[in-house]
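Same order as they appear, the protein sequences are chains A and B. Going by UniProt numbering, the first sequence opens with residue 1, and the numbers climb by one from there. Going by UniProt numbering, the second sequence opens with residue 1, and the numbers climb by one from there.
These aren't lab readings, by the way, just hints derived from the structure by calculation. Fair warning: there could be bad hints in the mix.
Derived, one-sided and incomplete: chain A residues facing chain B with beta-carbon distance under 10 Å [claimed, not checked]:
no.: 1; residue: Pro19
no.: 2; residue: Val20
no.: 3; residue: Ile21
no.: 4; residue: Lys27
no.: 5; residue: Glu30
no.: 6; residue: Val132
no.: 7; residue: Phe148
no.: 8; residue: Ile202
no.: 9; residue: Gly203
no.: 10; residue: Ile224
no.: 11; residue: Val228
no.: 12; residue: Leu232
no.: 13; residue: Phe235
no.: 14; residue: Ala236
no.: 15; residue: Thr238
The beta carbon of each residue, even a glycine, is placed where N, CA and C say it ideally should be.
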Amino acid sequence: MPPKYSILLPTYNEKENLPVIVYLIHKYLEISEIEYEIIIIDDGSPDGTLEVAKQLETIYGKDKILLRPRGKKLGLGTAYIHGMKHATGDFIIIMDADLSHHPKFILDFLKKQAEQDYDVVTGSRYIGNGGVSGWDFKRKLVSRGANFVSQLLLRPKVSDLTGSFRLYKKPVLEKLIESCISKGYVFQMEMMVRARQLNYTIGEVPITFVDRVYGESKLGGSEIVQFVKSLLYLFATT
Amino acid sequence: MKKLTQWVVGVNILSILWLSLLFNQYDSKISKEHFLVIQFLPIILLIFFGVFALAVILYRVATFNDCKSAAEDLQAEIKEARTALQQKGFKFD
Numbered sequence: 001m002p003p004k005y006s007i008l009l010p011t012y013n014e015k016e017n018l019p020v021i022v023y024l025i026h027k028y029l030e031i032s033e034i035e036y037e038i039i040i041i042d043d044g045s046p047d048g049t050l051e052v053a054k055q056l057e058t059i060y061g062k063d064k065i066l067l068r069p070r071g072k073k074l075g076l077g078t079a080y081i082h083g084m085k086h087a088t089g090d091f092i093i094i095m096d097a098d099l100s101h102h103p104k105f106i107l108d109f110l111k112k113q114a115e116q117d118y119d120v121v122t123g124s125r126y127i128g129n130g131g132v133s134g135w136d137f138k139r140k141l142v143s144r145g146a147n148f149v150s151q152l153l154l155r156p157k158v159s160d161l162t163g164s165f166r167l168y169k170k171p172v173l174e175k176l177i178e179s180c181i182s183k184g185y186v187f188q189m190e191m192m193v194r195a196r197q198l199n200y201t202i203g204e205v206p207i208t209f210v211d212r213v214y215g216e217s218k219l220g221g222s223e224i225v226q227f228v229k230s231l232l233y234l235f236a237t238t
Numbered sequence: 001m002k003k004l005t006q007w008v009v010g011v012n013i014l015s016i017l018w019l020s021l022l023f024n025q026y027d028s029k030i031s032k033e034h035f036l037v038i039q040f041l042p043i044i045l046l047i048f049f050g051v052f053a054l055a056v057i058l059y060r061v062a063t064f065n066d067c068k069s070a071a072e073d074l075q076a077e078i079k080e081a082r083t084a085l086q087q088k089g090f091k092f093d
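Based on the sequences and whatever the hints tell you, model everything.
Next up, the structure:
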């Protein structure tokens, strides 16, 4: 039997982006005859994301679109746990629902995973044809600087620690979430650091990161402070 | 061993090496002649590392792929998605 892929989409106020991303996932995966399901975990968005999701469920069918909303904003880490409980796939794909991650790369993830039967495949903006779009000098500098410091301090053997476009074998993700303590921003970094600790194999594929089209992009002073805190936390505890 | 511990051990080993160089200056000719350099060795190394780090980061910023076409392609696909979805009966506000 061919493997099945569960795509987790945590959403909060993504009513503009959600239909587009679902359409694109369908477009690229259906053509390659890949079996998949999309699990939408909406945290009570006030903008009506859930209503949009319901329309998509009607169009694409209940076997493709699974709605698993939660009452209020509870954070990314618990959204994955919540979504995974309902996932029936052999692999879990995690990506942002704001179109900064293009679904066409999922095919690259699948190919990479099959190459060496990797436990985790992670998207990287820093390798090969990967990159970013619409970033000014300051933002690139912050990104490269932060990456340099985290490579120096943590030596994770993964080029893009803070990226969140990833594929996991389902049992691997379950184990990783179990061993990760942090919530929020640190979570993505800790997952990779723990994966190394637990000797999971990690493959990397280049991805392009396009700044959000609708809505506000998040990179401010408070994000940088949070990043530094997370980094020091992982530096001292792993 | 935790990363923090690794660094503490590393810094300690280097400190011991440096201090022994510093205090055994009269035993060898080399350390006597280069006393000034030895004295400021930690600061010199730190500056060297700083310059190296800055050069690496700036090089990587300069070579950071700017994927202009990725954004343009996406815009086109968003239009495509909206049209296709409307045909399937999706209602945008």
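Hints, verified against the model:
1. Proximity of Pro19 (chain A) to chain B holds as hinted, the smallest CB-CB distance being about 5 Å (cut-off 10 Å).
2. Annotation: Val20 (chain A) was flagged as interfacial toward chain B, and the flag holds, the nearest CB pair being 4 Å apart, inside 10 Å.
3. For Ile21 (chain A), the shortest C-beta to C-beta distance to chain B is roughly 9 Å, which falls under 10 Å, so the interface hint holds.
4. At its closest, the beta carbon of Lys27 (chain A) sits 8 Å from a beta carbon of chain B; the interface hint therefore holds under the 10 Å criterion.
5. A hinted interface residue such as Glu30 (chain A) counts as satisfied when its beta carbon comes closer than 10 Å to some beta carbon of chain B; here the least separation is about 12 Å, so the hint is violated.
6. Below 10 Å, beta-carbon pairs count as interface contacts, and Val132 (chain A) has one with chain B at about 7 Å; its hint therefore holds.
7. A least Cβ separation of about 5 Å between Phe148 (chain A) and chain B falls short of the 10 Å threshold, and the interface hint therefore holds.
8. Of the supplied interface hints, the one on Ile202 (chain A) is violated, with its beta-carbon coming no nearer than about 18 Å to a beta-carbon of chain B, more than 10 Å.
9. About 20 Å separates the beta-carbon of Gly203 (chain A) from the nearest beta-carbon of chain B, more than 10 Å, and the hint is not met.
10. Contact between Ile224 (chain A) and chain B, as hinted, is not supported at the beta carbon level, the nearest pair being about 15 Å apart and thus beyond 10 Å.
11. Hint status for Val228 (chain A) relative to chain B: violated, with the closest Cβ pair at about 15 Å, above 10 Å.
12. With a cut of 10 Å, the hint placing Leu232 (chain A) at the interface with chain B holds, because the nearest CB-to-CB distance is about 9 Å.
13. Checking Phe235 (chain A) against chain B by beta carbon gives a least distance of about 5 Å; that is within 10 Å, so the hint holds.
14. Of the supplied interface hints, the one on Ala236 (chain A) holds, with its beta-carbon coming within about 5 Å of a beta-carbon of chain B, less than 10 Å.
15. At its closest, the beta carbon of Thr238 (chain A) sits 6 Å from a beta carbon of chain B; the interface hint therefore holds under the 10 Å criterion.
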